Structures are given as C-alpha cells and as structure tokens.
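Chemist: Residue numbers (the working numbering), protein chains in the order written: chain F, -13 to 100; chain W, 55 to 168.
Because the hints were derived from the structure by calculation, they are not lab data.
Please note that a few of the clues may not be correct.
[What the hints assert, rightly or not] Sample of chain F residues facing chain W (criterion: CB under 7 Å; computed from the structure):
| no. | residue |
| --- | --- |
| 1 | Lys28 |
| 2 | Gly29 |
| 3 | Phe90 |
| 4 | Gly91 |
| 5 | Ala92 |
| 6 | Gly93 |
| 7 | Ala97 |
[Unchecked claim] Straight line, CA to CA, 20 Å or less: simulated DMTMM-like cross-link-like pairs of lysine to aspartate or glutamate:
| no. | chain 1 | residue 1 | chain 2 | residue 2 |
| --- | --- | --- | --- | --- |
| 8 | F | Lys28 | W | Asp78 |
| 9 | F | Lys28 | F | Asp70 |
| 10 | F | Lys87 | W | Asp72 |
| 11 | F | Lys57 | F | Asp35 |
| 12 | F | Lys54 | F | Asp3 |
| 13 | F | Lys23 | W | Asp110 |
| 14 | F | Lys87 | W | Glu98 |
Source: prediction; values computed, not measured.
Note that CB positions come from ideal geometry on N, CA and C, so glycine has one too.
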Amino acid sequence: GESVGLHLPTLSVQEGDNSIINCAYSNSASDYFIWYKQESGKGPQFIIDIRSNMDKRQGQRVTVLLNKTVKHLSLQIAATQPGDSAVYFCAENTFSGGYNKLIFGAGTRLAVHP
Amino acid sequence: GAGVSQSPSNKVTEKGKDVELRCDPISGHTALYWYRQSLGQGLEFLIYFQGNSAPDKSGLPSDRFSAERTGGSVSTLTIQRTQQEDSAVYLCASSHRDRLYGYTFGSGTRLTVV
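Work the whole structure out from these sequences, hints included.
Modeler: In structure tokens form, the structure reads like this:
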C-alpha cells in the first residue's frame, strides 16, 4: 500500500553543524506534508509543514524541501543544537474515507554531539 | 485544557486482562485520532472520530480493540484480552475538524503487557 519511509534510521551530527533528514513518499496524490519531532516520553510535536504547490518553506532554523518529481521530502536544521536530539517523523496527508489522514514514516533518530 | 491529555501515562497489565486508555482532546476540537507506536517504530493509525459521524475504525488491528467517544469530547480506547504484542505507546491527537496543521498529540500511554 501507500507508505512514507525514511532513508536513514539514525543520524549523528556535531553541535553547530547543519542536519538533513530525508524522507521518500510513494503517493503522488499527497498534497500536504508535515515534519514532527518526538522527544523521549513525549508525543510528536509539529515542526513545519508544506503544501504540494510549494517546493520550499522556511521556519526558524528549519527548512523543508519538497521534490515532487522524485517524491522526496527533506528537513534541514541549521546550527544543530543538543536540544534538537529527538526522533523526527515525516507524514503525508491522504484523503481516505472522506477525510484527511496522516500516514507516518518510521522515523529518524537525530543525535547531536557536543 | 491547554493540550491533549492522556491517562494513565503508564500501564502494566497481565496478559488476558482488559485495559482502558483515556484521551481528553483540546476543547473545541471535533476530530480525534488514536495511533499506536511500537518500540522504535512509526505511528500506526487506529481509529478516527469526527463530530457525530460514524468513526473510521479501519486501522483497528483486531476485534479485541474498540473505542468510544462520548459527547464528542473524551475518548476511551479499550483493549480486551490483552496480548504481549499489544505492548506499545498509544497516542491520541485532536484537531479542529480535520485541519492537519492543528493536529496536536498527547504524551501517550505506555502499555506493557506481561
């Protein structure tokens, strides 16, 4: 079935470096994507979103890039900090059963080292 | 309340017992979702409630799983005759209608079946 997956299960970076987390999706009809951050013992927290009519969106220290040609999504974190250590999920929106539903990937763990 | 509240935060139960997990969504949010997150895995959709409409139960893994939403607010996820493979974190999210950008997760209930 349709799915969202991630290229890398873990990513280790040095504090201050830029991080890039990648995600591949398979449903070409998906029109909305979200990145979530999940810290240990907490629920996923919204980071940034992007609609399919855009290819780039920037937030505070984060940028999401969308390449619909190859069905690829990435999250860039600038000047990574220890507080960025968490599991990051991408999610794509599917319209199923008359409503919007998010399909999540398996997640990438980001480890930031001092 | 200010956020999505789930209780209990942790639950240990013996195999074969029934458990009930509770979710208090954000006041005014009409859409409510349950997800399951197994250790080191992504989020698996279980069930969706929207207002007074019939819920989408397509993600429930077996007939041992059921959920209710009373008065369009509080939801209870019930697992009967628990099995060890039911051990996971159960996450609840709510949003206004199905506006995905307003999708807010609770901290989850960690269920351990021994």
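Chemist: Taking the hints in turn, state whether each one holds.
Modeler: Do the hints match the structure? See the list:
Against a cut-off of 7 Å between C-beta atoms, the interface hint on Lys28 of chain F holds, since the closest Cβ of chain W lies about 5 Å away. Proximity of Gly29 of chain F to chain W holds as hinted, the smallest CB-CB distance being about 3 Å (cut-off 7 Å). Taken as an interface hint, Phe90 of chain F checks out: its beta carbon lies about 4 Å from the nearest beta carbon of chain W, inside 7 Å. The beta carbon of Gly91 of chain F comes within 5 Å of a beta carbon in chain W, closer than 7 Å, and the hint placing it at the interface holds.
The criterion of a C-beta within 7 Å of any C-beta in chain W is met by Ala92 of chain F, whose closest approach is roughly 4 Å, and the hint holds. Because the closest C-beta pair between Gly93 of chain F and chain W is about 6 Å apart, less than 7 Å, the hint holds. Because the closest C-beta pair between Ala97 of chain F and chain W is about 14 Å apart, greater than 7 Å, the hint is violated. Only pairs whose Cα atoms come within 20 Å are accepted, and Lys28 of chain F paired with Asp78 of chain W is accepted, the gap being roughly 16 Å.
A hinted pair counts as satisfied when its Cα atoms are at most 20 Å apart, and Lys28 of chain F with Asp70 of chain F qualifies at roughly 14 Å. Only pairs whose Cα atoms come within 20 Å are accepted, and Lys87 of chain F paired with Asp72 of chain W is rejected, the gap being roughly 28 Å. Distance check on the hinted pair: Lys57 of chain F and Asp35 of chain F sit about 15 Å apart at the alpha-carbon level, within 20 Å; holds. For the proposed pair Lys54 of chain F and Asp3 of chain F, the alpha carbon gap of about 27 Å is over 20 Å, so the pair is violated.
Annotation: proposed proximity of Lys23 of chain F to Asp110 of chain W is violated, straight-line Cα distance about 26 Å (limit 20 Å). The straight-line distance between the Cα atoms of Lys87 of chain F and Glu98 of chain W is roughly 11 Å, inside the 20 Å bound, and the hint therefore holds.
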